[in-house]
Structures are given as C-alpha cells and as structure tokens.
Amino acid sequence: SALHLASLSRRGGMTILWLSLWFSFLLPSSATPVRMPTTQPPESVSSEAAFLEDYVLGMGDTLEMSCELEGPSEPIVWFKDGVGVVPSNRTLVGQRILRIINVSYEDSGMYTCWLAHTNMLLSNFTIRITDSLSSGDDEDYGDDPDDGGPPYWIKPEKMDKKLLAVPAANTVKFRCAAAGNPTPTIHWLKNGKEFKGEQRMGGIKLRDQQWSLVMESAVPSDRGNYTCVVQNKYGTISHTYQLDVLERSPHRPILQAGLPANQTVVVGNDVE
Numbered sequence: 018s019a020l021h022l023a024s025l026s027r028r029g030g031m032t033i034l035w036l037s038l039w040f041s042f043l044l045p046s047s048a049t050p051v052r053m054p055t056t057q058p059p060e061s062v063s064s065e066a067a068f069l070e071d072y073v074l075g076m077g078d079t080l081e082m083s084c085e086l087e088g089p090s091e092p093i094v095w096f097k098d099g100v101g102v103v104p105s106n107r108t109l110v111g112q113r114i115l116r117i118i119n120v121s122y123e124d125s126g127m128y129t130c131w132l133a134h135t136n137m138l139l140s141n142f143t144i145r146i147t148d149s150l151s152s153g154d155d156e157d158y159g160d161d162p163d164d165g166g167p168p169y170w171i172k173p174e175k176m177d178k179k180l181l182a183v184p185a186a187n188t189v190k191f192r193c194a195a196a197g198n199p200t201p202t203i204h205w206l207k208n209g210k211e212f213k214g215e216q217r218m219g220g221i222k223l224r225d226q227q228w229s230l231v232m233e234s235a236v237p238s239d240r241g242n243y244t245c246v247v248q249n250k251y252g253t254i255s256h257t258y259q260l261d262v263l264e265r266s267p268h269r270p271i272l273q274a275g276l277p278a279n280q281t282v283v284v285g286n287d288v289e
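Residue numbers (the working numbering): 18 to 289.
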C-alpha cells in the first residue's frame, strides 16, 4: 500500500516538505549519500510531464523532497535550475530523497528528478525561501511597505495559454512579465535544462527588460517545454509553456486564376 502526501509541516523548528511518500521505498535519514552527476538533464521528457508545485520555506528550515516512483528501484538523478545536484555538508542525496538542511536564499529555484536511464521526468517543483517563518501572532506583514518581497507575475491572465502551436517558419515569443523588490532576474529552461540558444540554428533573443524569449523561423526541433524562472533573494517563481511546431505539408504551386499557365519568351527579354 502507498500513502501520498503533499504538505508543508513544522516539527521542532524545522519545516519539512513531503512531496510523496512510498512506504516500500522510503530511505531513512541516515541513508548513505549517492554522488550525483553534474551533467545537464536529458533532452527528451516524459509524455506525462510532472505537475509543477510551488512551496515556500523559511530561512534555516529543513527541506525534504521525495521523488515519486512505482516499481523496482531504479537510479534517480536530481537537478536544480538545469544543473546536477551534488551532495554537500547541507545536502543529502538519497536513492529517492533529496534533503537540504538549514536552507538559505541560494536554495531557491526549480528542482527536477529524472529516471537516470530512461530520460523520464518524474517530478518538478519550485522552492521559495523567505525570511524565517515564525509561529503565533507575532508576524506582522504590513509594518513597512518598502520592505523587500519575492517576485510576482504582473499580468498572470496573459500567461493562461500554456500550449502554443505555430506553423514552421513563424516567430515564437514567450513572455513572463514579473516584478519584485529587489527587481528579480529571469532565465530560461528548455525541457528542464538551461537554455541560451547556442545550439539552435538562428539563435534566440533574450529581452530581459521585456521578460521575454523570442525565436524566429521556428522549426520542429524547437518543440518542447519552455520554463521562465524569475527570482530575487526573497524567492523564486516559474511558469512553463509547451511549444508545438506544425510542419508545412508539401503541395503543388498554386497559380492565380486568369494568369497564363505557359508563356514563351526570347532569351534576354522580360517576362510579364
């Protein structure tokens, strides 16, 4: 039997995030760390993309994430903002669990876990770290309107259309307009890895001041999931678009009605 939980609980001063627990495969807290790769995630993604969750923790809390997987044990790899996660004095990488103690602002970002040998994306979620969350009635969020705050979307209603289908050779533009204090930064991922367009024919245009990514002359290889990650020292938000490029089907030339189908001319003369 299995128990699925998705909650943020507080125990003894620590906030613990349980994304998914499978009793048959849960690692004890003393599990031996497994060295994780520093390579980028696979190019392909599962047809059943994992749902993107957004969680908030306080400075100094403990973050624990479990990668959902049924069946026999298989190697799992973890990535943060497209870069492989490696163990450290604060980070324990287990067979199914990623645990980070004493979290700080630098731990904010988008995390993904993959099956190592099948290029299958199992889970992806965004973690935001804020000032320490206190309990009781001593929290006061309105003392100073000039205080800093995490990023937020300026026009979320314009981001509702997550699936974009365009004909080949058209221009594609993704926009994630955001604000925050201090002003957040933005970077882009394609299928879960850092995307700057170096490998794309024609490159891309990153317009950070407009919070946008532009690709001209779209081709079928541009298909995939594009994620904007916006962050400042108070937190991180992200949004994913799915792009489908429709190939143009070949057909005979179309002649306008009324024009001659054939015309004979002398070499060197003009044709009208």
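No lab work stands behind these hints: they were computed from the structure.
One thing to keep in mind: the hints can contain errors.
Said to hold, decoys possible - Pairwise CB distance ranges, derived in the manner of DEER restraints:
1. 222 x 122: 42 to 50 Å
2. 103 x 218: 16 to 24 Å
3. 282 x 234: 28 to 36 Å
4. 224 x 199: 26 to 34 Å
5. 196 x 100: 21 to 29 Å
6. 264 x 166: 38 to 46 Å
7. 223 x 265: 44 to 52 Å
8. 71 x 100: 41 to 49 Å
9. 222 x 105: 31 to 39 Å
Since this is a predicted model, take the numbers as computed values, not measurements.
In this text, a Cβ means the ideal position worked out from N, Cα and C, and glycines have one as well.
To see whether the hints hold, each was checked on the structure:
One distance hint, 42 to 50 Å for the beta-carbon pair residue 222 and residue 122, is violated here, with the actual separation near 29 Å. Look at residue 103 against residue 218: about 33 Å separates their beta carbons, and that is not inside 16 to 24 Å. Range check, residue 282 to residue 234: about 35 Å between beta-carbon atoms, so the 28 to 36 Å window is met. Between residue 224 and residue 199 the beta carbons are some 20 Å apart, a value that contradicts the proposed interval 26 to 34 Å.
Our hint of 21 to 29 Å for residue 196 and residue 100 holds, since their Cβ atoms are close to 26 Å apart. Remark: the range hint 38 to 46 Å for residue 264 to residue 166 is upheld by a beta-carbon distance near 45 Å. Separated by about 27 Å at the C-beta atoms, residue 223 and residue 265 break the suggested range of 44 to 52 Å. In this structure, residue 71 and residue 100 break the distance hint of 41 to 49 Å, their C-beta atoms being roughly 20 Å apart.
Between residue 222 and residue 105 the CB atoms are about 36 Å apart, so this pair conforms to the stated range of 31 to 39 Å.
Taken one by one, the earlier hints fail for this structure at numbers 1, 2, 4, 7 and 8, listed in ascending order.
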